[in-house]
Amino acid sequence: MSGGVDSAVAAARAVDAGHEVVGVHLALSRMPGTLRTGSRGCCTIEDSMDAQRAANLIGIPYYVWDFSERFKLDVVDDFVAEYSAGRTPNPCMRCNEKIKFAALLEKAVDLGFDAVCTGHYARLDRSASGAVELHRASDEAKDQSYVLGVLTAEQLAHSMFPLGETPSKAVVRAEAAARGLSVASKPDSHDICFIPDGDTRGWLAERVGAETGSILDRAGNVVGDHDGAHAFTVGQRRGLRLGVPADDGKPRFVLEVRPKTNEVVVGPKEALAIAEIAGARFSWAGEPLDEPGDWFDCDVQIRAHADPVPARARIAPTSDGEEFVVVPARPLDGVAPGQTAVVYLGTRVLGQFTIDRTVSAVPVTVDA
Amino acid sequence: MAIYLDHSATTPMREEAAEAWLATSRAIGNSSSIHSHGQSARQALEEARETVARTLGVDAIEVLFVSGGTEAINLAIKGLYWSRNADGGRPVVVASRGEHHATLDTIEWLAEHEGAEAAWVRLSDDGSIDVDDLARVLRAHAGRVALVTVLAANNEVGTVESLEPIARLTTVAGVPLHIDAVAAYGHVRLDLGALRSSAGATGAMGPVALSVSAHKIGGPQGIGALALDRSTTIEPLLHGGGQQRRLRSGTQDVASAVAFARAAEVTVKEMAGEDARISSLRESLVRGVLDAVPDAVLNGVSLSADDEHGPVRLPGNAHFSFPGCQGDSILFLLDMAGISVSTGSACQAGVPEPSHVLLAMGRSEEVARSALRVTLGHTTTQDDVDAFLAAIPGVIRSARKAGLSERDVAVR
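If you read the sequences in order, they're chains A and B. If you're matching positions, the first sequence starts at 8 in this note's numbering and goes up one per residue. If you're matching positions, the second sequence starts at 15 in this note's numbering and goes up one per residue.
Rather than coming from a laboratory, the hints here were simulated on the basis of the structure. Cβ atoms here follow ideal geometry from the backbone N, Cα and C, with glycine treated the same way. Certain hints may be false.
What the hints assert, rightly or not - Below are the DSBU-like pairs computed for lysine-lysine, each with C-alpha atoms no more than 30 Å apart in a straight line: (1) Lys267(A) - Lys105(A); (2) Lys276(A) - Lys257(A); (3) Lys415(B) - Lys79(A); (4) Lys107(A) - Lys79(A); (5) Lys283(B) - Lys105(A); (6) Lys105(A) - Lys79(A); (7) Lys107(A) - Lys283(B); (8) Lys193(A) - Lys257(A); (9) Lys257(A) - Lys267(A).
To be verified - Here are the in silico distance ranges between beta carbons for each label pair: (10) Ala226(A) - Glu122(B): 51 to 61 Å; (11) Gly417(B) - Gly25(A): 22 to 32 Å; (12) Glu249(B) - Ala212(A): 20 to 30 Å; (13) Ala24(A) - Gly417(B): 24 to 34 Å.
Said to hold, decoys possible - Computed footprint of chain B on chain A, listed as stretches where at least three residues anywhere in the stretch have a Cβ under 8 Å from a Cβ of chain B: (14) 65–79; (15) 117–129.
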């Protein structure tokens, strides 16, 4: 229970469904702030008190479990390391993968619990055979199946998402209000929880260090400078401050971030188009495909709030193992290594991989 | 039925105290008012002060009623510091790192904001002050010490301090000593006057201040006392109407003071018998735990060490480390079984922290995280102990499975 409205309603629904429920708040920082600020809706003392008040009202015991060390190691340090390597990680996915549905779930199972129940918007379909499928939420606008794409069959078997069938967040808020939960009108959180003021660049600059480097075009000409490559992500247009306009006068976008040489490569929007993505680090959200060698039709989604794109995919052998390869029906924009691609069959989450290789749709080597 | 084995956190209010509180709360009058309503409130308050004073070995005028142990400790440490270091010549505050947070955080605050220098005294591995080290610290900072503060008994591991040598050392060094007796009160005989005499203390040196809290002895929460020797001047924390020697302004809480006094009176009267009864229950609890969990460790002083001068371990205290377990898992599992215990200190978010006392005693972080404090009190029965012992084998098995959070996890 984060102290937000979703987990509070999820807990209440689990109680209504007849489960024995215990509220657990994750302490993810050794030095939590006292009061909530801005859009960061978790991890302060105020949030933990909100969670406790909700648990009191629902009538369930409440505890704070400390995962601050694991969170620092597996999520925060990982976030910094990924950015330092020029990749764009998703810390919420990492937290689901390593903390909520791993460290927390394992501890809970060891202490005698059957499942971790959260306020995520996603649906689970349990077949008679016991196999579990992860599906998009009924409310596609709130759907969070993307950030759960890292969960394995074993983790899904021990998960519950009581909000997945809810038609809209408004319904959840109304239900919270009707139940008398004080968090009913608490604002949604949408920033990275461990970056207090939402200033990701400033936060990273403190940890990665900010050093002036060059902005290049694809021919290798220096077209500007920057205060640290880590502050840029592929597809970014704003904040480049390029003094020299492009020859064609069109806006330029970040195409590549090279942390080793502290260089940022820019080019026209067309050059962002990616025709193929692949990654060796993949997992199945439930049952793996029967015939992984063959191409199959699917949808691919590369960000939490991006639209899914129809694609063909397969598991292909590589020199040292195999990788998940996806060829989208139309080129994808703004793909950065380190991002997670989640692969869907209709509403069903099939699995995910971390993008470590892309193929450009426009093999231009020199800017026009 | 729920079983309460966390008496050091707070012990149930004694019936006599609750009745006294209720009766007094119905009376009209501010104890500072001049009219007869005020005078009758004042009479109840001063009788309570006299009673509490007797249990601490001081005169009534030397008892300041405050909001609890934390305020008493803050008033003593900050008050002595500001008074002694007014010209900046005595900035050193001497303490051990095993003190309660009320002490540690106050010293830290003084260091950050008021120029204090903390001088830390080593703890022995049973949790008591290393007196040789204290002597060394006092010599090293001779002439620059604002105050020394020690625990009469450690609230976590239950080690009772032998105060006489510390009283003598501080008296000879000419520095004031504050005694945090919050955990010791009601279990160990406290007599500030006798301690001063035996140390030969005259004037504002040696043992001059002693803090206690009512709810640890069956009084109400929200009231405590600082016994402050009449020769000692301190700066107040609160300014206002000038009540209580101008050291603690604010309308006095008569009902709580009367209930506090009633609890103190009953507790001290029953102390010898209760100490023996609780200590024997504690012995059966410790033996049962060590039988059921052979690698469990009893932290603090061993049970056989009690000497003729009184207990060297608080009679109700059993403090264990369970290797391979996290204290908060054990606490959770016991709570699910209807048994309330403690891991020691928790920060404000409710996150159990590794016991700073065990760390100060030289134990590893892993041992400090596996700590569990079980404390017995005036309502504890053999049935409570038996229920605890019945639950512990299964609880430790599960907690061990859940293990320590540091290990690598994978869902199986």
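Results for each hint:
The straight-line distance between the Cα atoms of Lys267(A) and Lys105(A) is roughly 28 Å, inside the 30 Å bound, and the hint therefore holds. A C-alpha spacing of about 9 Å is found between Lys276(A) and Lys257(A), which places the hinted pair at or below 30 Å, so the restraint holds. For the proposed pair Lys415(B) and Lys79(A), the alpha carbon gap of about 23 Å is at most 30 Å, so the pair holds. Among the hinted pairs, Lys107(A) with Lys79(A) is consistent with the structure: their alpha-carbon atoms are about 14 Å apart, no more than 30 Å.
For the suggested pair Lys283(B) and Lys105(A), the alpha carbons sit about 57 Å apart, so the restraint of at most 30 Å is broken. Between the alpha carbons of Lys105(A) and Lys79(A) the distance comes to roughly 11 Å, so the proposed pair stays at or under 30 Å and holds. For the suggested pair Lys107(A) and Lys283(B), the alpha carbons sit about 53 Å apart, so the restraint of at most 30 Å is broken. For the hint linking Lys193(A) to Lys257(A), the alpha-carbon distance of about 42 Å lies beyond 30 Å, and the restraint is violated.
A threshold of 30 Å between alpha carbons decides the hint, and for Lys257(A) with Lys267(A) the separation of about 28 Å falls inside it, so the pair holds. The given range of 51 to 61 Å is respected by Ala226(A) and Glu122(B), whose C-beta atoms sit roughly 59 Å from each other. At about 30 Å, the CB distance of Gly417(B) to Gly25(A) agrees with the hint of 22 to 32 Å. Distance hint check for Glu249(B) and Ala212(A): the Cβ-Cβ separation is about 45 Å, which falls outside the suggested range of 20 to 30 Å.
Roughly 30 Å separates the CB atoms of Ala24(A) and Gly417(B), a value that falls within the hinted 24 to 34 Å. Counting residues of the segment 65–79 of chain A whose C-beta lies closer than 8 Å to any C-beta of chain B gives 9; at least three are required, and the coverage claim holds. With a threshold of 8 Å between beta carbons, the proposed coverage of the segment 117–129 of chain A by chain B holds, since 3 of its residues qualify and at least three are required.
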